[in-house]
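**Q** Below are the chains, spelled out letter by letter.
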Amino acid sequence: GDSVTQMEGPVTLSEEAFLTINCTYTATGYPSLFWYVQYPGEGLQLLLKATKADDKGSNKGFEATYRKETTSFHLEKGSVQVSDSAVYFCALTSNTNAGKSTFGDGTTLTVKP
Amino acid sequence: DTAVSQTPKYLVTQMGNDKSIKCEQNLGHDTMYWYKQDSKKFLKIMFSYNNKELIINETVPNRFSPKSPDKAHLNLHINSLELGDSAVYFCASSQDSVARRGDTQYFGPGTRLTVL
Numbered sequence: 026g027d028s029v030t031q032m033e034g035p036v037t038l039s040e041e042a043f044l045t046i047n048c049t050y051t052a053t054g055y056p057s058l059f060w061y062v063q064y065p066g067e068g069l070q071l072l073l074k075a076t077k078a079d080d081k082g083s084n085k086g087f088e089a090t091y092r093k094e095t096t097s098f099h100l101e102k103g104s105v106q107v108s109d110s111a112v113y114f115c116a117l118t119s120n121t122n123a124g125k126s127t128f129g130d131g132t133t134l135t136v137k138p
Numbered sequence: 412d413t414a415v416s417q418t419p420k421y422l423v424t425q426m427g428n429d430k431s432i433k434c435e436q437n438l439g440h441d442t443m444y445w446y447k448q449d450s451k452k453f454l455k456i457m458f459s460y461n462n463k464e465l466i467i468n469e470t471v472p473n474r475f476s477p478k479s480p481d482k483a484h485l486n487l488h489i490n491s492l493e494l495g496d497s498a499v500y501f502c503a504s505s506q507d508s509v510a511r512r513g514d515t516q517y518f519g520p521g522t523r524l525t526v527l
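So the sequence lines, in the order shown, correspond to chains A and B.
Count the first sequence with my numbering and you get residues 26 to 138, in order.
Count the second sequence with my numbering and you get residues 412 to 527, in order.
FYI, nobody ran anything at the bench for these hints, they're computed from the structure.
A virtual CB, placed ideally from N, CA and C, is assigned to each residue, including glycine.
Among the clues, some could well be false.
Covered by chain A, per the in silico footprint, the following chain B stretches (three or more residues, Cβ under 8 Å) [unchecked claim]: (1) 456–470; (2) 484–492.
Pairs of lysine to any residue, SDA-like flavour, derived with a Cα cap of 20 Å [said to hold, decoys possible]: (3) B:K433 - B:K451; (4) B:K451 - A:Q70; (5) A:K125 - B:S497; (6) A:K85 - A:Y64; (7) A:K85 - B:K433; (8) B:K455 - A:T135; (9) B:K452 - A:G66; (10) B:K455 - A:T30; (11) A:K125 - B:K463; (12) B:K451 - A:K85; (13) B:K455 - A:D27.
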């Protein structure tokens, strides 16, 4: 079945540091890939997505590139802010699994001033 | 306007009780979902409905019964609550049929259920 493996947390960074959260996947068919972010006390919201190989999703300074050859979708940001502190989820939706989404276990990011 | 809303936001109840959580979306979406998030933030899909029809039914105890009176609403009823049901339950919706694998899911704010 489909699976998503993301970097274990928690991750603690200083403000303006570079962020990478690794995400790799296993899926049949041609999945779409997503990063969702969950701020404290809130529901998940879409951060960025990519629907085909080599697509780059970007939003709010975050980027991730759909790499089919390495089955990866790593999240990066060049300079994190305290307001980026949240839980980040990598997810995929496969067209061969009734459209069911599979989420990674989440990575908690804390950014300190 | 709130896109996906859930009520109640907090629910504290005794073991053995029956409770319901309501979800409404005003986005005009065809597909709605229920997810369970445990204390370690692990997110697991429970159910999915497309135009009021059940399309995903994961391995969930039959004490959990979803009901979709129309495509804008998806409620979750839980019978005989157990301690292990304590979690945050999220409702979500997406625009089109499940064949559109690139659809974004829009999540509600969550309902924190505590079973004592």
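**Q** Run every hint past the structure and note whether it holds.
**A** Taking the hints in turn, this is what the structure says about them:
Counting residues of the segment 456–470 of chain B whose CB lies closer than 8 Å to any CB of chain A gives 4, so the stated coverage by that chain holds, three being the minimum. By the rule of at least three residues with a Cβ nearer than 8 Å to a Cβ of chain A, the coverage given for the segment 484–492 of chain B is violated, with 0 such residues. In summary, the hint linking K433 (chain B) to K451 (chain B) is not supported, as the alpha carbons are separated by about 24 Å, beyond the 20 Å threshold. Simply put, K451 (chain B) and Q70 (chain A) have alpha-carbon atoms about 18 Å apart, close enough for the 20 Å limit, and the pair holds.
Restraint check: the Cα-Cα separation between K125 (chain A) and S497 (chain B) comes to about 24 Å, which exceeds 20 Å; the hinted pair is violated. Between K85 (chain A) and Y64 (chain A) the CA atoms are separated by roughly 14 Å; this keeps the pair inside 20 Å, and the hint holds. Between K85 (chain A) and K433 (chain B) the CA atoms are separated by roughly 32 Å; this puts the pair beyond 20 Å, and the hint is violated. Only pairs whose Cα atoms come within 20 Å are accepted, and K455 (chain B) paired with T135 (chain A) is rejected, the gap being roughly 23 Å.
Note on K452 (chain B) and G66 (chain A): the hinted pairing holds, with a Cα-Cα distance of about 12 Å set against a maximum of 20 Å. With a C-alpha separation of about 14 Å, the suggested pair K455 (chain B) and T30 (chain A) falls inside the 20 Å cut-off, and the hint holds. For a cut-off of 20 Å, the pair hint linking K125 (chain A) to K463 (chain B) stands: about 16 Å separates their Cα positions. For a cut-off of 20 Å, the pair hint linking K451 (chain B) to K85 (chain A) is broken: about 26 Å separates their Cα positions.
Of the pairs offered as hints, the one joining K455 (chain B) and D27 (chain A) holds, with about 13 Å between alpha carbons and a cut-off of 20 Å not exceeded.
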